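Student: Residue numbers (the working numbering), protein chains in the order written: chain A, 1 to 265; chain B, 1 to 253; chain C, 1 to 250.
Hints in this document: simulated from the structure, not taken from any laboratory. Please read these numbers as outputs of a predicted model, since none were measured by experiment. Hints are not guaranteed to be accurate.
[Claimed, not checked] Derived CB-CB ranges, DEER-like:
{"#": "1", "chain 1": "B", "residue 1": "His142", "chain 2": "A", "residue 2": "Arg128", "range": "45 to 55 Å"}
{"#": "2", "chain 1": "B", "residue 1": "Pro5", "chain 2": "A", "residue 2": "Arg128", "range": "50 to 60 Å"}
{"#": "3", "chain 1": "C", "residue 1": "Leu14", "chain 2": "B", "residue 2": "His241", "range": "35 to 45 Å"}
From the three backbone atoms N, C-alpha and C, an ideal C-beta is built for every residue, glycine too.
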Amino acid sequence: MSQIEAFKHAQPVPDDIAVSTRNICKTYGTVEALKDMTLEFPRGQLTSLLGPSGCGKTTLLKIIAGLLPPTSGEVTVNGKPVTGPGPDRAFVFQDFALLPWATVLRNVAFGLELRGVARSEREDIAARYIREVGLSGFEQAYPHELSGGMRQRVGLARALSVDAQVLLMDEPFSAVDEQTRRKFQEDLLALVQNENKTFIFVTHSIEEAVYVSDQIAILLPRPSRVSEIIRPTGFRQKSADSIRRDPEYLDIVDDIWASLRSYVE
Amino acid sequence: MVYRPLFLKLLSALILFGAWEIAGRIPVSYAFPTFLDSAAALWRMTIDGSLFVAYAETLKPLVTGVAISTVLGIGLGIWIGLSRVFDWLFSPIFVVMQSAPLAALIPLLVMAYGIGLTSKVFVVCIMAMPVIVLNTAGAVRHTPENIKAMCSSFMGTRIDMLFKIIIPAASPLIFSGLRLGISAGFIGAILSELKITPTGVGDIITFSRSIADYPSMYAAIFSIIVLAVLFLNLLERTEKHLFKGNDRGYVSD
Amino acid sequence: MKLFGITLPAMSSLILWGLLWEVVGQAELTFFVPPLSEVVRTLITIIGTPSFLSALGETAYAFGMGVFFSILIGVPTGILMGRSRLLDELLLPWVNVFLSAPLTALVPVLMVLFGFGMKSIIITTALFAIWIIILNARTGVRQINRSLVEMARSFGASPVEAFFKVYLWAALPEILGGVRIGIIRAVKGVIIGQLLISIAGFGALFELYSTNFMMAHFWAVLLVLFALAFSISEFLAYLERKVAYYAAVR
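The following block holds chain A by itself, in its conformation from the complex:
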């Protein structure tokens, strides 16, 4: 934990905290999935949870979403403790979780449908976000007619359309091809800039985490713990296509790999 202290001194942490987890533990029988996780997620920024497989990053995300109850500890969103899923958070799934029997329009509107928004209203909102994610013209298409990347755009539009303050993304780009993923990452940067939302982003790609994050929490397995918090600052203001050539970007990627490589089996 001393490293976290060190980073707190080195870089200023914004004091406006949207989501925080305090001493989260999660055990399955005798297996300890998470141990004493304490993390803070600044408002309006993107925080990545990065780590090798088995470090509990997805478990932590699902606890924040309210899909899993923690064994002990507390999650607060805007100071209010989380007891289950709530309208302040929206989830983007790794495998998209689209309804195969529903059109793109109904899929995007599904979150609003469950909230009891009237049909015409929710379809207007959905149509707007379908346009925003670049799927105009596909409103009446079914998921099986779309490519993987387009399906995830539907999942993203669904999460955006409920207008939650916190967006939880569980390895959202891992099931799409490399080129689509790059496009997604660039779009995500724009999204963080334009929407005043808090993003919590789970990934196993070091490059992806460094590229898109304001803050990276590095988790290590056995027992699961936060090893480091990194806040890349130098290249955040640069344009999307020059980040990958920035020396600080490359250094951080190398550093993270150096600290993770011994944990990769």
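Starting from the known structure of chain A, fit chains B and C onto it as the hints suggest.
Tutor: Only chains B and C this time, still in chain A's reference frame:
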């Protein structure tokens, strides 16, 4: 917690047999004996050996029919799966047979082959064979291309291909076909004993019904269901023993 | 199958078998196989007769009722088993037993309990169909993608909403698959019931024709019955393929 599955199985048996006992005590019908009476009848028939005599009779057409269907069905299925001509020629027959109520053929079989063993073996075969043939053929036809290519690339012969690749790859579906085929064979064997001539277990059922000895009738029915379940369990064990890697899953006709 | 570069339709070999039937019949090799042409002629003469129509009606009624009850009871039972672990562990062993048990042995019980009439035939039909319907509905519910369930929860769906908007639809391909197999089994069940319980419907016609050695009539009715069973099975397979597109992307 370790004993939960076993405990629940016992509990579930207890609930069913308990309900049977209570329904028999009320009684829901004059023709509905209690569980204990039926169990006593089963015990009596086991002790005096009449059950074994009956099964010796019932198993004759059943085992013969199942054996013929297994050998012929798997052989024909592999052939159909490998040859396009045979597929075109024979598949439609078995597809129609599988969806058709073949029990309707029984009066014809009786006319052609009399009321003896031959007719009964025939009934078991026509009930059991279609699903065995179709499952085998389907599985053989859909052997993954990449492992077949692997076999040829490592210089496997056609015989290697058949016995080391195609049949093992098809074995889960072949066994599920056998499971369905054998259970259909049981249906056929009992049907022929009830419909053609009462022999074996069918005789116990028919006779005890005619003299209103309902406990014996229920006991005989119970015993044949138990036998079918045991038989299929044995098949499952055989599969697990022969093909250790097989995934267990239900595939149905 | 290709012949001279032309792809032959899948079931076209049946024409060949029909020709073989005709030849065997014309050659009078056996009394039991009259020529196909004679069977077809007989078929045309009996198809409009009252005895045929009433047999068809009786069979269709027993079949329809049996299928109706097996779906009505089977689908909800299967869904409940898929959702509740306790219920599943209590019921599954028995469902598996009855799925593979020789159900014909139970028919005599039905006869003494419910009489020698339509009621027993309907129950026999339902008994043949219901177990696979239960089992498939259960499988359908159990293999629903976890993230679809989590998605519904994370967007705040109530249990009832989640059931009607997500679970039921996600399990639909399996449920329909179970209903298709169940219906094929019901066709067999209804005929077995008619042969064993009371000589009614098509069962009666088969008895009548075989005891009077009316071979052409016998084969004609058999042909109609097989054709009906096959059409029902193919129609249901077609329906199932229509929802198959989404079974693949769940």
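Student: Hints first: check each against the structure and report whether it holds.
Tutor: Results for each hint:
no., hint, verdict
1, His142/B with Arg128/A: 45 to 55 Å, "holds (46 Å)"
2, Pro5/B with Arg128/A: 50 to 60 Å, "holds (52 Å)"
3, Leu14/C with His241/B: 35 to 45 Å, "holds (40 Å)"
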